[in-house]
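Asker: With the hints as a guide, bring both chains together as one complex.
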Amino acid sequence: MNDQPNDPIDALLQKGFEGPVPDDGFSARVMQVLPARRPRQRWVLPAATAAGIVACWLALTSTSLLRAAGRDWTTGTLSPPILVLLVAMVGMSLLATWWAMTEADAPG
Amino acid sequence: MADGSAEARVDQALVARAVHGNDRRAFEQLLRRHQGMVRAQLRRLTHGDEASADDLAQEAFVIAWKKLHQFRGDAKFSTWLYRIAYTCFLQSYRKSIHAIDGKHDDDLDRVSAPASTMDLQMDIEYAMKRLSAGEQAVLLHCVQLGLSHDEASYVLAMPLGTVKTHATRGKAKLQLLLAAWRETGN
Numbered sequence: 007m008n009d010q011p012n013d014p015i016d017a018l019l020q021k022g023f024e025g026p027v028p029d030d031g032f033s034a035r036v037m038q039v040l041p042a043r044r045p046r047q048r049w050v051l052p053a054a055t056a057a058g059i060v061a062c063w064l065a066l067t068s069t070s071l072l073r074a075a076g077r078d079w080t081t082g083t084l085s086p087p088i089l090v091l092l093v094a095m096v097g098m099s100l101l102a103t104w105w106a107m108t109e110a111d112a113p114g
Numbered sequence: 044m045a046d047g048s049a050e051a052r053v054d055q056a057l058v059a060r061a062v063h064g065n066d067r068r069a070f071e072q073l074l075r076r077h078q079g080m081v082r083a084q085l086r087r088l089t090h091g092d093e094a095s096a097d098d099l100a101q102e103a104f105v106i107a108w109k110k111l112h113q114f115r116g117d118a119k120f121s122t123w124l125y126r127i128a129y130t131c132f133l134q135s136y137r138k139s140i141h142a143i144d145g146k147h148d149d150d151l152d153r154v155s156a157p158a159s160t161m162d163l164q165m166d167i168e169y170a171m172k173r174l175s176a177g178e179q180a181v182l183l184h185c186v187q188l189g190l191s192h193d194e195a196s197y198v199l200a201m202p203l204g205t206v207k208t209h210a211t212r213g214k215a216k217l218q219l220l221l222a223a224w225r226e227t228g229n
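One line per chain: the protein sequences are A and B, in this order. Letter by letter, the first sequence follows residues 7 to 114 of our numbering. Letter by letter, the second sequence follows residues 44 to 229 of our numbering.
So that you can see chain B by itself, here it is in the shape it has in the complex (with noise of 0.2 Å):
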């Protein structure tokens, strides 16, 4: 927590020396700070399209910085950053006629168990697959990046509710598709 704190204070002197000192080597240090976090959000939400994750997280840094005024700090920056992403990532699926994984929540009883030789990792992937759009945010933002249901609610733009509930079915699927994967005796 008070990691946590400190490293808001630092992001917080560093938006500041950017915003009002136009200093851009002070946002240089942002965008190094947060990068990495940033662009495996997208990686994760692009399905491991790395070449995708990274045009929306330069678009992402490049409207972080003409919008940086705006920042009040209400929320933490990589928070705030999350949110950017995650509006360019949604942006870019609506224009793309692809859909990211086309399941509902009724393909689970489909879902059959993965190959024996797939390791854990990989089940997880394949499990994760399975779950809804929102599902698989909530997940990703709460699990795996760290946010908190309401950090999450705010960059999802979702009710608290809804985030909570995203959860707790996404979490209950995975222990039924993972159930399943253990029953072949893996």
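So here's chain A without its partners, still in its complex pose (with noise of 0.2 Å):
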């Protein structure tokens, strides 16, 4: 494509474009609205993160569903035990790419 052409109109947005705005107190009235930011609680994340698996494993080892899923997995059966963790992790699988999708829509 040639571009030679639209050189000109680039010219002419740019010499339309007034350019940055004077601060004229703006700065100054935002930096009155701002909030008061809480410190980032860093341990939040990990700390439920763990304590999630910890009470998934809790669950499944109060169960004798995950020993019959292993058995039949090893086996090759496909039996309810195996349906039941399979769609479990689809379920958080699919939770966690939402989570993922709205965090990267989000800008920033």
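Think of the hints as simulated: they come from the structure by calculation, not from any bench. Please note that the accuracy of each hint is not assured.
[Said to hold, decoys possible] Derived coverage of chain A by chain B (criterion: at least 3 residues anywhere in the stretch with Cβ under 8 Å from a Cβ of chain B; other residues may be distant):
hint, region
1, 21 to 31
2, 64 to 72
[What the hints assert, rightly or not] Cut-off 30 Å, straight-line C-alpha distance, at most; resulting in silico cross-link-like pairs (DSBU-like, lysine-lysine):
hint, chain 1, residue 1, chain 2, residue 2
3, B, K119, B, K172
4, B, K138, B, K109
5, B, K172, A, K21
6, A, K21, B, K119
7, B, K172, B, K138
8, B, K207, A, K21
9, B, K172, B, K207
10, B, K119, B, K207
11, B, K138, B, K110
Bear in mind that the values here come from a model prediction, so they are computed numbers and not experimental data. Here a beta-carbon is modelled for each residue, glycine too, at the ideal position from N, C-alpha and C.
Answerer: What follows is the structure, encoded as structure tokens:
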């Protein structure tokens, strides 16, 4: 594509752009309305993740589901315990994907 | 280029101070460095409505302050701010019952040449308003704010191919509109 014919258009558009707006007290006004920011609690996410893992582990080990699924998996049988675990894993993966996409869409 | 990377390093340092040290003065410096262009961007998007543009700019900087820890440095800080500001504008626009210009691509054939007394800048303004909203946004960010196509794609949350298409079509339409203006003998 030949960009040469567009150069005058670029020049005209740039000429028609007023450029940065003078501050005129804008920054001071914004600083007055900035909310106080609480320090970020960096431990919350790892702690919540660890608590979730422990809770899952306790819930699964208190039933025979995990052992049954492991036994059936080694024998190649598609049993209800395996299906339950697969559905749970797919559900968690979908939730994680949704959360990641939401975070990616947010500015920043 | 060197100036640009130096500016980016200054921004990064200020962001680090503002985030890790919770330093409001560092954020104030960021604010003073970028408010002019962000407000210019919003004034263009709101078609010169200075009050609305400044309200949106204030909202954008408050969001930037709240989300500053999410700035990862993948894009320039100014580009990140433009994106927040554009998102604020879009949200405001969607709430508004007023269309910004209501013009569509097929309106071109109804455009008449501006009055002979209008100066070139007003003619450019007039011609820009004849473009679709997407074309206006892309030309504003790519040509007037000086962003690359990639950066405009990030700011506008628009596929890169669409950005390039809007840029090409928008410029082609402007050429036609301004050619019509020139044919009037001005």
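Asker: Quick check: which numbered hints come out false for this structure?
Answerer: 2
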